[in-house]
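Residue numbers (the working numbering), protein chains in the order written: chain Y, 3 to 453; chain W, 3 to 453.
Just so you know, these hints were derived from the structure itself, not from any lab. Please note: incorrect hints may appear among the correct ones.
One copy or two, either will do: identical chains are not told apart, so a pair holds if it fits within one copy or between any two.
[As the list claims (entries may be wrong)] Under the rule of at most 16 Å between Cα atoms (straight-line distance), these lysine to aspartate or glutamate pairs were calculated in the EDC-like manner:
#	residue 1	residue 2
1	399	423
2	441	279
3	262	81
4	330	303
5	223	342
6	85	195
7	286	261
8	330	53
9	165	195
10	353	108
11	353	301
12	209	84
13	353	251
14	353	279
15	286	128
16	262	84
17	209	81
18	353	267
Treat the numbers as computed from the prediction; the structure is a model and nothing was measured.
There are 2 protein chains.
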Amino acid sequence: MLTEDQGLTLSPDEYSLLTDLYQLTMAACYTGEGLAEHPASFELFVRHLPESFGYLIAMGLAQGLHYLENLHFSSEQLEALEKTGIFNHAPPQFWSLLASGRFTGDVWAVPEGTAVFANEPLLRVDAPLWQAQIVETYLLNTINYQTLIATRAARMRDIAGEKAMLLEFGTRRAFSPQGSLWAARAALAGGLDATSNVLAALKLGHKPSGTMAHSLVMAIKALSGSEDEAFTAFSRYFPGAPLLIDTYDTVAAAQGLADKVRTGEAEVRGVRLDSGDLASLSQKVRSLLPDISIFASGDLDEWEIARLQEAGASIDGYGLGTRLVTGKPVNGVYKLVEIDGIPTMKQSSQKATYPGRKQVFRSYDQGVIQFDRLGLASESIEEGEIPLLNLVMKQGKPLFNPESLETIRQRTHASVASLPDATRYLHQPIPIQVNISDKLESLRQSLLVNS
Amino acid sequence: MLTEDQGLTLSPDEYSLLTDLYQLTMAACYTGEGLAEHPASFELFVRHLPESFGYLIAMGLAQGLHYLENLHFSSEQLEALEKTGIFNHAPPQFWSLLASGRFTGDVWAVPEGTAVFANEPLLRVDAPLWQAQIVETYLLNTINYQTLIATRAARMRDIAGEKAMLLEFGTRRAFSPQGSLWAARAALAGGLDATSNVLAALKLGHKPSGTMAHSLVMAIKALSGSEDEAFTAFSRYFPGAPLLIDTYDTVAAAQGLADKVRTGEAEVRGVRLDSGDLASLSQKVRSLLPDISIFASGDLDEWEIARLQEAGASIDGYGLGTRLVTGKPVNGVYKLVEIDGIPTMKQSSQKATYPGRKQVFRSYDQGVIQFDRLGLASESIEEGEIPLLNLVMKQGKPLFNPESLETIRQRTHASVASLPDATRYLHQPIPIQVNISDKLESLRQSLLVNS
Chain Y
3 MLTEDQGLTL SPDEYSLLTD LYQLTMAACY TGEGLAEHPA SFELFVRHLP ESFGYLIAMG
63 LAQGLHYLEN LHFSSEQLEA LEKTGIFNHA PPQFWSLLAS GRFTGDVWAV PEGTAVFANE
123 PLLRVDAPLW QAQIVETYLL NTINYQTLIA TRAARMRDIA GEKAMLLEFG TRRAFSPQGS
183 LWAARAALAG GLDATSNVLA ALKLGHKPSG TMAHSLVMAI KALSGSEDEA FTAFSRYFPG
243 APLLIDTYDT VAAAQGLADK VRTGEAEVRG VRLDSGDLAS LSQKVRSLLP DISIFASGDL
303 DEWEIARLQE AGASIDGYGL GTRLVTGKPV NGVYKLVEID GIPTMKQSSQ KATYPGRKQV
363 FRSYDQGVIQ FDRLGLASES IEEGEIPLLN LVMKQGKPLF NPESLETIRQ RTHASVASLP
423 DATRYLHQPI PIQVNISDKL ESLRQSLLVN S
Chain W
3 MLTEDQGLTL SPDEYSLLTD LYQLTMAACY TGEGLAEHPA SFELFVRHLP ESFGYLIAMG
63 LAQGLHYLEN LHFSSEQLEA LEKTGIFNHA PPQFWSLLAS GRFTGDVWAV PEGTAVFANE
123 PLLRVDAPLW QAQIVETYLL NTINYQTLIA TRAARMRDIA GEKAMLLEFG TRRAFSPQGS
183 LWAARAALAG GLDATSNVLA ALKLGHKPSG TMAHSLVMAI KALSGSEDEA FTAFSRYFPG
243 APLLIDTYDT VAAAQGLADK VRTGEAEVRG VRLDSGDLAS LSQKVRSLLP DISIFASGDL
303 DEWEIARLQE AGASIDGYGL GTRLVTGKPV NGVYKLVEID GIPTMKQSSQ KATYPGRKQV
363 FRSYDQGVIQ FDRLGLASES IEEGEIPLLN LVMKQGKPLF NPESLETIRQ RTHASVASLP
423 DATRYLHQPI PIQVNISDKL ESLRQSLLVN S
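The whole structure should be built from the sequences, with the hints applied where relevant.
Right under this line is the structure:
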């Protein structure tokens, strides 16, 4: 298992070592100092929203809980760790702790599909210190990436409108095979309709989606002499499937198809455009083939969809790949906020955190979020407020069955609908105001004084 | 296997479905048209280098070959595909083709660690059309991502110098757990010294590396009252391991350590700075602790390393995370260049390709690359030229054992050393000139005329 594997795949059994070395060295130190079992709380949040983002859609919790529930170290893994020599001075109890260790803590989290803002915990872990420490890396990995993708997907859906068909095409540019599965999940939960990734679709209980590629047109044209024959051949086995018409000359291809539709020789339900001036080409294709679905692809994102709409494009659906699944990350962090009931905070330059176990209290007016109040978990809910963090795992056991992607997708949709227009802008959006409660601010001030 | 799995892990057995749906629908169409077994050639290349990149370091071939060697479809997978209903009109032979199908083609590739430029094939697949088609998605996935990371790592090494200790810290921000493994592999092969990712290090036969986190300082300070005690505790189990000194006040922490070093109470070999003005803090820490290693981290990349050097920072090593493992992708594409011996090319607006099976002929002068010649594979090697693409897989079997990471890392180092200074610039680099051979240009022109 731990020998070199050219595929560099990983099995769920290996996830316990999918962590930064320092999580394990710190756990060893906690053990030696007699602190390993002290009750600790860590919170996962972003310090700032990514540039040009007015909100984030929380995502990735399901994989996080699955990881926590299954966390354990095999004897093979412990042996491999020991062999590194790094732990030669670690206390012997460290090894028995890992060998018998499971995650036995509680988890509070905002449901997947919920809109969140800077400094608001997406998740809190209340657990023995060593456990809460070592799970940091994996939890950040799943929540950072899936939150990024779900947020991008929600923004694309928001700008494209409910009727547009939005397809996830990013597998070839995703950052590893598993990255493509996670991207597909978060994209579907964030508002896209389907993915071209066959494995992801089947694993997620979806039907995969797609069109055709230039290679089919090129191969059949080379062998039979015409692009037209490629369309006919493909339609023979996939009647009505969208045809890719930009391999040579988009408008000429559309004209050819229109002629065949008129004479009844072909039935065309959709085409895809993958290059050129998509706005003007889509209009020309529309005039030739008025009743079909026109799909566009090629480095598209929410800003490009908006630009195409403004340019009067006649596009019914978008293939979204590279710019959906790659790019600047969501920079979530996971910070100690309490140990043995003592609130803690980091005071590093520009990276200071709020102390204590917190709750987010959200206030609405006629279905629209007015503001959030970031307070201590011990504070009372004020009238009209809804607390966002719920207990989802108790003593290492999930309290609920996993939600369906459809449930999460509906929550995402409702979350976006509850945002003021200015929070949904693609350019210079205005996030919801997050007010710090008096009690939290007093606690912060008292710790500043005491440090 | 194909039921919903909350972990969204994947096993190597599943990789055959890790593809875009259209690869399979096209394979079905080829089968129905009697074209599935026609010999085809596809090449993988980038149309443009990423912005501010003067070169790419090819990476990810090992995972690609491993995938090709093991490619097969299980009866369970075929059943799941059939159940989607998408293939209801596909020819029956399609199912037997997949059931018995293995990859039986040849692969030509540039070795991992080689510098490549726009339009130069990193890899060519010569295989029956259906096989060459369906492997596109996976090959692009592994080569696009690992090439990005290896290139970033090589640039970081180039600017930081050979003596700097460069550590990969990106797991928490990587795009999925497997993404973190691939990032670690490519980063090490691209020139970094070690990774903090325990699982990746062990799988790659490396020793994981790391320091400590703020949470340890915060926890021990909260419980015992001092940051100092945190350092003492950690050093008890990990003597000489670098200490993280920016949790509260970097200079005060360094002063405290210096006092203890002077009195012989502590032995400090290294510290890490993770916030604040790293240039000026590193100088202050150096004046207090002249003989230790100073590590810096926090959203660093090659440009930031250069900036710190210019600002006179006194830093011995860098922790490289977020900006190494995320960001804009390498946009490799995979295009049909020949079918049944007939050269093909795509003529889409701004996405036109060069036809035919190609070779890259590289010319050096005193160890420095002068220019490349992109020609047809059938062209002769001219005096002094070295062809970059080698046959690495014959009829589905690899011709060589996988290379060690150390071998690839040395090749990367030699590749960067062979580039002119201007190609290595971080700002407005000048790529090596890629000359199109007369024969290739003639072929392209002839196909333009004939289309």
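Report task. Tell me, in ascending order, the numbers of any earlier hints that this structure violates. Result -> 1, 2, 3, 6, 10, 15, 16 and 18
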